[in-house]
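Heads up: the protein sequence lines correspond to chains A and B, in order.
Going by my numbering, the first residue of the first sequence is number 1, and it counts up by one from there.
Going by my numbering, the first residue of the second sequence is number 1, and it counts up by one from there.
Please note: incorrect hints may appear among the correct ones.
[Unchecked claim] DEER-style ranges, computed between Cβ atoms:
(1) B:Ala48 x A:Ala162: 44 to 52 Å
(2) B:Ala128 x A:Arg404: 22 to 30 Å
(3) A:Thr21 x B:Gly52: 38 to 46 Å
(4) B:Ala244 x A:Leu382: 50 to 58 Å
Simulated from the structure, these hints should not be mistaken for laboratory data.
By construction, the Cβ of each residue, glycine as well, lies at the ideal position given by its N, Cα and C atoms.
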Amino acid sequence: MAEPPQPRRPSVVAPAAPAPTERFAARTAAMTASEIRALFAVASRPEVVSLAGGMPNLAALPLDSLAVEVADLVARDGQVALQYGSAQGVPALREQICEVMALEGIRADPDDVVVTVGSQMALDLVTRIFCDPGDVVLAEGPSYVGALGSFAAYQARVVHVAMDEHGLVPELLRSALHTLAQQGITPKFLYTIPNFHNPAGVTMAVDRRAEVLEICARHGVAVVEDNPYGLLGFTGRVYPALRSLDRDVVYLGSFSKTFASGLRVGWALAPPAVRDRLVLAAESATLCPPSLNQMIVSRYLAGHDWRSQIKTFTEAYRDRRDAMLHALETYLPDGCTWNVPDGGFYVWLTVPEGIDTKAMLPRAVTARVAYASGTGFYADGLGSSQLRLSYCYPTPERITEGVRRLAGVLEAELDVMRTFGTPARPAVGPTPSRNGPQAPSPHTP
Amino acid sequence: MAAVSERTVAVLAGGISHEREVSLRSGRRLASALRGVGLEVREWDVDASLVGRLRTDPPDAVAIALHGGEGENGSVQAVLELLGVPFVGTPARACRRAWDKPSAKAELARAGLDTPDWIALPHTTFRALGAQAVLDAMIDRLGLPLMLKPDQGGSALGAQVVTDRAELPAAMVSTLAYADTVLAERFVRGVEVAMSVIEDGDGPRVLPPVEVDVVGGVYDYMARYTPGAATFHCPARLGSAVLATLEEAALAAHRLLGLRDVSRTDAVVDADGRVQILEVNVSPGLTETSLLPIAVRAAGADLGVVYAALVERAVARG
Chain A
1 MAEPPQPRRP SVVAPAAPAP TERFAARTAA MTASEIRALF AVASRPEVVS LAGGMPNLAA
61 LPLDSLAVEV ADLVARDGQV ALQYGSAQGV PALREQICEV MALEGIRADP DDVVVTVGSQ
121 MALDLVTRIF CDPGDVVLAE GPSYVGALGS FAAYQARVVH VAMDEHGLVP ELLRSALHTL
181 AQQGITPKFL YTIPNFHNPA GVTMAVDRRA EVLEICARHG VAVVEDNPYG LLGFTGRVYP
241 ALRSLDRDVV YLGSFSKTFA SGLRVGWALA PPAVRDRLVL AAESATLCPP SLNQMIVSRY
301 LAGHDWRSQI KTFTEAYRDR RDAMLHALET YLPDGCTWNV PDGGFYVWLT VPEGIDTKAM
361 LPRAVTARVA YASGTGFYAD GLGSSQLRLS YCYPTPERIT EGVRRLAGVL EAELDVMRTF
421 GTPARPAVGP TPSRNGPQAP SPHTP
Chain B
1 MAAVSERTVA VLAGGISHER EVSLRSGRRL ASALRGVGLE VREWDVDASL VGRLRTDPPD
61 AVAIALHGGE GENGSVQAVL ELLGVPFVGT PARACRRAWD KPSAKAELAR AGLDTPDWIA
121 LPHTTFRALG AQAVLDAMID RLGLPLMLKP DQGGSALGAQ VVTDRAELPA AMVSTLAYAD
181 TVLAERFVRG VEVAMSVIED GDGPRVLPPV EVDVVGGVYD YMARYTPGAA TFHCPARLGS
241 AVLATLEEAA LAAHRLLGLR DVSRTDAVVD ADGRVQILEV NVSPGLTETS LLPIAVRAAG
301 ADLGVVYAAL VERAVARG
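Kindly produce the complete structure, drawing on both the sequences and the hints.
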């Protein structure tokens with residue numbers, strides 16, 4: 001046996017990182033490395049069929065003509081395109097955005113549009129101007145992971161309201177508001193994705209829309225409508241935006257799914273008082289959205305048949321959706337259920353009882369298939385029995401192969417669960433430290 | 001013979017293991033360090049293009065910054081040996097032995113080096129013999145808490161501490177998501193220390209041991225790769241006799257397992273001052289929060305200079 005430890009001697013403290021880490025704001029405490037994020041790095045390899053990310057399929061874009069347009073734009077208008085611009089966005093684009101929104105029944109004044117760096121920035125700004133730490137935000141359960149990230153960044157508390165196959169359930173919204181009211185809490189806003197929901201894939205029934213608005217109005221709760229997928233329906237039907245029914249709704253839109261996600265151009269349409277605050281918040285965040293990118297979008301809308309392009313996109317997405325649904329029917333084991341989306345990018349899958357989709361992800365990555373586990377879409381720890389499958393990016397053949405692999409992963413996980421008679425242990429909780437206070441330490445002579 | 005500064009090195013990083021992200025970070029750090037001392041560096045992922053690149057654009061040597069899977073189990077090393085490409089690191093056969101944690105522990109124990117008692121079993125054994133009876137026997141032997149790890153792999157992925165008998169079956173399911181075989185190990189309380197061994201001169205030498213201090217938790221993936229989540233003391237705040245024992249253990253493990261150029265041995269020093277080896281790494285992490293770079297810095301050395309010397313050694317081996 002080794003000799004007993006010696007008295008402590010001076011040592012060099014080599015911190016893992018520079019001292020600034022000790023000065024991070026408390027609200028960033030959850031921004032840490034994670035095993036799940038690490039596993040997603042593997043999903044970028046071509047051997048892996050990634051059904052995880054929601055990357056739009058840009059293959060159908062007319063890249064050659066776009067290249068000519070962009071070159072011409074810089075040659076003709078470079079002095080403007082490469083210069084700072086208005087914090088609210090390029091006026092011509094804001095007018096065109098109103099034309100796009102008109103397809104969903106929205107009558108809007110370009111002066112009420114604020115162009116943002118993707119609708120994600122609009123979401124960030126909306127949360128910033130409405131939420132103090134501890135404020136409550138209502139969101140569908142599950143909800144968009146990026147929205148939950150924004151809410152968490154501003155230390156808002158999310159209360160989820162469940163959906164059924166027709167979207168947000170008004171009765172449950174009423175009930176949630178009633179419960180909160182009993183606690184003296186009025187949520188700052190309801191965040192909803194009414195069309196082709198991310199991640200749930202469902203669409204809010206038209207007859208529920210007015211009811212949801214009426215419930216929120218009665219309780220003094222603002223409504224934030226996030227609608228990146230509204231024009232990507234497979235049946236040709238376009239649903240009326242909530243904003244088309246109520247001018248007080250804050251509407252978030254995006255060109256990421258209908259044109260090019262890499263340009264990062266989105267917008268918020270808001271009542272004047274909210275708009276003014278959004279513009280001021282945007283100024284402090286970015287000064288202005290990128291002029292060049294806005295002008296590219298503007299040129300595209302003016303010079304291309306963008307409606308036909310959206311039709312081309314949706315036809316491709318419909319083919320992929322069909323491939324995924326067929327593969328799910330063909331390969332998945334008993335006990336799996338899923339929705340049939342009629343637009344957008346996602347299928348929301350419920351796995352056989354007991355499987356924890358987050359704990360199962362390493363097995364999936366080993367089998368060269370990736371998905372988004374359900375817990376990421378809830379702020380309250382639910383979702384372990386669900387996962388989101390994206391059909392937007394892989395080809396139909398790859399989707400089929402990915403689902404086939406996923407089926408094998410589910411079977412293997414069920415096999416291990418049967419062996420041990422239990423589901424997987426969820427995310428590792430508090431564990432004893434090797435050098436925690438309860439441990440006798442060799443530091444102590 | 002080319003001067004050191006004219007060497008061309010291919011840094012291999014990425015791969016398709018669970019540790020791809022960590023590897024990419026290690027690779028970028030290593031590439032930057034080598035460029036910093038004047039070497040020409042190419043950064044290559046390990047994919048179907050690798051063999052072609054090695055043939056058409058052969059570097060003077062390869063430096064492996066891969067973690068997990070092919071990069072540590074000897075597969076990539078075997079291909080490099082097959083192609084006759086000099087590389088920094090452990091030969092393929094020794095990699096295979098060191099990479100498999102149960103095999104490495106058995107070899108260490110046979111040689112009289114302390115390592116926490118362990119049992120390694122595949123899922124199929126639990127299924128065939130009945131999980132509960134085997135788990136009961138496991139707890140009877142190892143006690144609680146115990147440590148579960150995948151039998152292969154690093155970065156603490158899939159590793160977890162089990163404190164309660166009732167938690168064990170579910171923890172087994174979680175760890176088996178990373179590998180088909182689980183290594184259950186007696187949990188040793190004490191000070192976690194990592195010793196890096198390098199062969200940049202005459203024979204292997206041990207860099208100052210790095211003590212890992214994670215308050216309130218185990219040294220898991222989050223603690224490893226979140227700057228500030230762990231504090232490191234180098235050299236470890238231990239007596240000189242214990243430090244000497246640690247260094248002897250690391251050298252012994254390095255030699256015993258046939259490791260070459262660089263390795264890292266992780267150990268725990270228990271309350272009695274006894275050194276117990278947890279595992280040995282043939283491709284130590286080189287990220288901003290990794291242990292080997294901390295030890296290099298504490299030794300007053302430079303990562304680029306150290307690895308440039310290892311590159312020279314690889315080239316000289318041919």
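Hint check results:
Restraint check, Ala48 (chain B) to Ala162 (chain A): a C-beta distance of roughly 46 Å satisfies the suggested window 44 to 52 Å. Take Ala128 (chain B) and Arg404 (chain A): their Cβ atoms lie about 28 Å apart, and the range 22 to 30 Å holds. For the hinted restraint 38 to 46 Å between Thr21 (chain A) and Gly52 (chain B), the CB-CB distance of approximately 42 Å keeps it satisfied. A C-beta distance of roughly 53 Å is found between Ala244 (chain B) and Leu382 (chain A), which places it inside the suggested range of 50 to 58 Å.
Hint violations for this structure: none, all hints satisfied.
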